[in-house]
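Number of protein chains: 2
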Amino acid sequence: MGRWEPNACGRLEQAALELYGERGFDGTTVAEIAGRAGLTERTFFRHFADKREVLFAGSAMLHDLLTIAVADAPATAAPLEATAAALEAAGAVFAGRHDHSRRRQAVIDANAELRERELIKLATLAGALAGALRRRGVPDPAAALAAEAGIAVFKVAFERWLGDGSRDLPHHIRESLDELRAVTAAR
Amino acid sequence: MGRWEPNACGRLEQAALELYGERGFDGTTVAEIAGRAGLTERTFFRHFADKREVLFAGSAMLHDLLTIAVADAPATAAPLEATAAALEAAGAVFAGRHDHSRRRQAVIDANAELRERELIKLATLAGALAGALRRRGVPDPAAALAAEAGIAVFKVAFERWLGDGSRDLPHHIRESLDELRAVTAAR
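Residue numbers (our numbering), protein chains in the order written: chain X, 3 to 189; chain S, 3 to 189.
Hints are supplied without guarantee of correctness; some may be wrong.
As the list makes no split between identical chains, a pair holds if one copy fits it or if it spans any two.
Said to hold, decoys possible - Distance condition first, Cα-Cα at most 27 angstroms in a straight line; then the derived DSS-like pairs of lysine-lysine:
#1 53 with 157
#2 157 with 123
#3 53 with 123
No lab work stands behind these hints: they were computed from the structure.
With these hints in hand, go ahead and build the complete structure from the sequences.
The following block contains the structure:
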């Protein structure tokens with residue numbers, strides 16, 4: 003093991019985002035990221051499997067957070083209520099990350115492979131939500147629909163939050179959920 | 003141009019699905035598909051860019067069908083109503099394709115790259131639906147939410163139809179849409 007580097011993970015993430023923005027994702031190497039962060043490649047690989055994972059390191063945390071929050075929702079909460087509570091809990095994690103999230107999104111939007119990876123991440127989260135709802139006893143198709151609708155709300159809310167950081171992500175999630183309710187109620 | 007081959011496209015599709023089922027997608031070559039269909043590789047490449055596209059050739063048609071159906075929905079139709087009408091029109095195209103669709107899905111489920119391609123297809127269709135709704139004058143986020151919710155309904159309905167072909171896909175779409183309305187209305 004190497005010596006302890008204070009906040010190596012955050013420094014690597016910051017350096018990677020800067021370089022991806024300057025040179026593009028494909029034009030950046032792990033050596034350059036480590037160099038910009040003042041760390042070694044060896045340290046980089048202690049934190050991330052590859053340069054793509056710098057952008058998706060939060061997925062596992064989001065996954066755990068969503069499934070735990072669904073499990074912890076009151077027993078009386080309807081499936082979409084439990085889902086919404088989980089999404090708001092996940093949204094709270096992004097506090098103070100608006101600028102970071104905007105820059106990350108710009109990198110992803112500019113690269114087809116990263117856009118695909120992002121879609122897979124969201125689909126995986128929808129699957130995790132559906133599984134957590136089933137474990138609460140929610141039958142299908144309600145579990146699958148609440149999970150998919152929840153991820154749709156999260157996607158739309160996230161995009162709106164990137165464009166308007168004056169209100170936090172949980173606010174945008176609640177607003178988009180209300181909008182979904184209005185859209186599905188309209189005949 | 004080679005000579006005209008009766009139903010070459012359908013024969014290639016059929017041969018490809020058989021081979022993907024027998025040998026796996028990765029273990030099948032274009033030469034083998036063409037051979038099984040009694041056609042040449044040259045004919046294969048007149049119909050499909052590569053062996054993956056045999057599985058996704060319908061995407062462009064679905065895309066056009068959905069956007070046209072949204073545009074053609076009555077001016078008074080609410081966003082999700084217009085979306086539902088489009089999904090049902092798309093669903094009707096799968097009549098007589100239940101066995102084919104089940105076999106296609108088994109091939110896709112068995113291959114990570116194909117599962118990713120399927121996710122990208124669905125995300126692209128959601129984007130097309132949202133665009134068509136915006137052209138009807140539906141503002142965001144209602145357009146994005148109706149489109150994403152619509153694709154969620156389609157996904158769930160399609161899976162249920164694969165498991166129960168005794169009722170047609172449009173039936174499952176209507177049922178899943180009702181279920182989504184119930185899920186979003188529940189407090």
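Evaluation of the provided hints:
1. In this homomeric assembly, residue 53 and residue 157 come within 27 angstroms of each other (Cα to Cα) only inside a single copy, at 24 angstroms, whereas the closest approach across copies is 32 angstroms.
2. Taking the shortest Cα distances, residue 157 and residue 123 sit within 27 angstroms of each other both inside one copy (11 angstroms) and across copies (17 angstroms).
3. Taking CA atoms no more than 27 angstroms apart as the test, residue 53 paired with residue 123 passes in both settings, with 16 angstroms inside one copy and 26 angstroms between copies.
In summary, the structure agrees with every hint in the numbered list given earlier.
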